[in-house]
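Number of protein chains: 2
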Amino acid sequence: MLEDKNEKPVSELDELGEFGLIKHLTQNIKLQNSSSLKGVGDDAAVIEYTNKQTVVTTDLLVEGIHFDMLYMPMKHLGYKAVSVNLSDVYAMNAMPKQITVSLAVSNRMSVEALEELYDGILLACNIYGVDLVGGDTTSSTSGLIISITALGEGEKDKLVYRDGAKENDLICVSGDLGGAFMGLQLLEREKQIYNENPKVQPDFSGYDYVLERQLKPEPRKDVIDMFAEIGVKPTAMIDVSDGLSSDLIHICQQSEVGCTIYEDKIPLDFTTINVAEEMKLDPVVCALNGGEDYELLFTISLDDYEKIKDQKRVAVIGHITADKESYQFVSKSEQVQELTAQGWNAILKKG
Amino acid sequence: MLEDKNEKPVSELDELGEFGLIKHLTQNIKLQNSSSLKGVGDDAAVIEYTNKQTVVTTDLLVEGIHFDMLYMPMKHLGYKAVSVNLSDVYAMNAMPKQITVSLAVSNRMSVEALEELYDGILLACNIYGVDLVGGDTTSSTSGLIISITALGEGEKDKLVYRDGAKENDLICVSGDLGGAFMGLQLLEREKQIYNENPKVQPDFSGYDYVLERQLKPEPRKDVIDMFAEIGVKPTAMIDVSDGLSSDLIHICQQSEVGCTIYEDKIPLDFTTINVAEEMKLDPVVCALNGGEDYELLFTISLDDYEKIKDQKRVAVIGHITADKESYQFVSKSEQVQELTAQGWNAILKKG
Numbered sequence: 000m001l002e003d004k005n006e007k008p009v010s011e012l013d014e015l016g017e018f019g020l021i022k023h024l025t026q027n028i029k030l031q032n033s034s035s036l037k038g039v040g041d042d043a044a045v046i047e048y049t050n051k052q053t054v055v056t057t058d059l060l061v062e063g064i065h066f067d068m069l070y071m072p073m074k075h076l077g078y079k080a081v082s083v084n085l086s087d088v089y090a091m092n093a094m095p096k097q098i099t100v101s102l103a104v105s106n107r108m109s110v111e112a113l114e115e116l117y118d119g120i121l122l123a124c125n126i127y128g129v130d131l132v133g134g135d136t137t138s139s140t141s142g143l144i145i146s147i148t149a150l151g152e153g154e155k156d157k158l159v160y161r162d163g164a165k166e167n168d169l170i171c172v173s174g175d176l177g178g179a180f181m182g183l184q185l186l187e188r189e190k191q192i193y194n195e196n197p198k199v200q201p202d203f204s205g206y207d208y209v210l211e212r213q214l215k216p217e218p219r220k221d222v223i224d225m226f227a228e229i230g231v232k233p234t235a236m237i238d239v240s241d242g243l244s245s246d247l248i249h250i251c252q253q254s255e256v257g258c259t260i261y262e263d264k265i266p267l268d269f270t271t272i273n274v275a276e277e278m279k280l281d282p283v284v285c286a287l288n289g290g291e292d293y294e295l296l297f298t299i300s301l302d303d304y305e306k307i308k309d310q311k312r313v314a315v316i317g318h319i320t321a322d323k324e325s326y327q328f329v330s331k332s333e334q335v336q337e338l339t340a341q342g343w344n345a346i347l348k349k350g
Numbered sequence: 000m001l002e003d004k005n006e007k008p009v010s011e012l013d014e015l016g017e018f019g020l021i022k023h024l025t026q027n028i029k030l031q032n033s034s035s036l037k038g039v040g041d042d043a044a045v046i047e048y049t050n051k052q053t054v055v056t057t058d059l060l061v062e063g064i065h066f067d068m069l070y071m072p073m074k075h076l077g078y079k080a081v082s083v084n085l086s087d088v089y090a091m092n093a094m095p096k097q098i099t100v101s102l103a104v105s106n107r108m109s110v111e112a113l114e115e116l117y118d119g120i121l122l123a124c125n126i127y128g129v130d131l132v133g134g135d136t137t138s139s140t141s142g143l144i145i146s147i148t149a150l151g152e153g154e155k156d157k158l159v160y161r162d163g164a165k166e167n168d169l170i171c172v173s174g175d176l177g178g179a180f181m182g183l184q185l186l187e188r189e190k191q192i193y194n195e196n197p198k199v200q201p202d203f204s205g206y207d208y209v210l211e212r213q214l215k216p217e218p219r220k221d222v223i224d225m226f227a228e229i230g231v232k233p234t235a236m237i238d239v240s241d242g243l244s245s246d247l248i249h250i251c252q253q254s255e256v257g258c259t260i261y262e263d264k265i266p267l268d269f270t271t272i273n274v275a276e277e278m279k280l281d282p283v284v285c286a287l288n289g290g291e292d293y294e295l296l297f298t299i300s301l302d303d304y305e306k307i308k309d310q311k312r313v314a315v316i317g318h319i320t321a322d323k324e325s326y327q328f329v330s331k332s333e334q335v336q337e338l339t340a341q342g343w344n345a346i347l348k349k350g
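Chains as they are written, first to last, in numbering that gives the first Met the number 0: chain H, 0 to 350; chain P, 0 to 350.
No lab work stands behind these hints: they were computed from the structure.
Note that the list lumps identical chains together, so a pair holds whenever it fits in one copy or between two copies.
The calculated lysine-lysine pairs, modelled on DSSO-like cross-linking and capped at a C-alpha distance of 27 Å, are:
#, residue 1, residue 2
1, Lys331, Lys264
2, Lys220, Lys157
3, Lys157, Lys51
4, Lys323, Lys29
5, Lys51, Lys29
6, Lys308, Lys157
7, Lys155, Lys51
8, Lys165, Lys22
9, Lys331, Lys311
10, Lys215, Lys29
Could you build all of it, start to finish, from the sequences and the hints given here?
Shown next, in the form of structure tokens:
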């Protein structure tokens, strides 16, 4: 898993040139959505969503800031870059349909590495029913940069914003939290060991779950499908990219409400708890501030509780309050603390 | 004009943080298009084009590859980054309505420099009637990276692709060519002088036109408006970003046709000719291969000649032929040469 993808300087990229590279990477793309009228190859792509609203979101991933090529396999990187964008579209209760992908690539990278990156991008596209319809490829003076824009469609009265949470609404989250952060900590630990002695091979057995959470997150299309099936429209929704605390505070600030959540309700996976204990970190603090889980955090009306209470993929973790500057966290010992949007730096200082 | 924007390391960016930065830069944005339903501030922006098709294009600009901060004023850079994207939308015979802007910023940059960049971005948005609806701001390990995606709307039967050129169609281009390349050569020359002796101030008097062509290109909305007014729909269209040769060959390859263009028809500005002569370059070669003019290159049916012949902003430079691998350039002395997509490297080697 640990390898230096920069060790083999290749000139193939220069030989292919910009046009050749785009053509090479996009030649096998087949459009699958009827709304994708024209894909790669003209000045712009053309899309038509009949009687739907268009949702647009964009993300920029920078080598050395958002990913480390030493432990991030290229295929996973491509997959994750798409996942994080689709997650934003799902968080609007909309369906992603198209993406554009722009890359800045240093000529230290091999064509094979870029092919793997595209394999990951196209795998995610296939799994989530999305077409790659355009993009730009250019040189980089330093590392790899990936910019993805996702477009999706939603019905006008089904879109969910961040500002609709009301007093007494239930706060829910899908899946479990903190795993992606624990995966990152494991990878960072092994990287240090590798840097000190490249002959020691990392042993990740038993840690698969948290590594996958970090390296290959899945956006929660299934939760959006569930909303349609059970007839629930959340009052507010966001995806958990910065961490539960920070993202819940976003909802509260935009909805002008407060919240109370309960430590014993926060969903944690067994592996996350084990790794956290091994690393002497509090798994709940990791769930609150770790981020990158790409779960959906949403609020529903109390009236919808019956519809959602037996859904195994969703946990009810608290409720919305009227007091708009109060963000409360109730610990297992029933102590009340203030939630703050502190991010992952705070975990390591505490931990 | 020549200044090192990196000389003042500031920590304000770190103090503002990512959320603070986005908020700071986007707080005064007012949406102006009825199709922009939701802008910055949620997981995604929401757009609705009633009964129109959506056009999407994206570009990535990398410091050191696409721009040099030494001679590119930040406001111009922002303006140009928007212009080049809008140009792609106009080249579909569509109207741009929204953009998203993602930035990767090194913490060497000051908040003031970013404000200037956004001033330029928003100035272009205002002039061309476009809303900034979303984006992402992140750290960069090296230089500045700007990724812009533009969305626009077009009527289904009015969109113009690259693949519709037919035998006998007339080849037309708006404005004049080669100016942006000459502007770049001037700036590069002054940069060398500056690097050798920073006390020598550059003298650009009389060169304003070509400098503006390079630093602050204007996308040709007026030409698209003209098509609507005079009732002409081009058969194929592209914007001149790589150079006349290369972009005309794109049209021919996608339309499976050939072309003949005439040296004496290629529109050149007086300043472009003067600067080229001063630098011992052939201005026509610069027009063919220089690129970055962001003019519209299009083909029209012979039947539309009467409608377009008196339009001062358009020149007819040749015609489409049936011979699909023949791209002919007829010189003033009536010699026939083969056009090749060689780009600007070729000019300097020849020159």
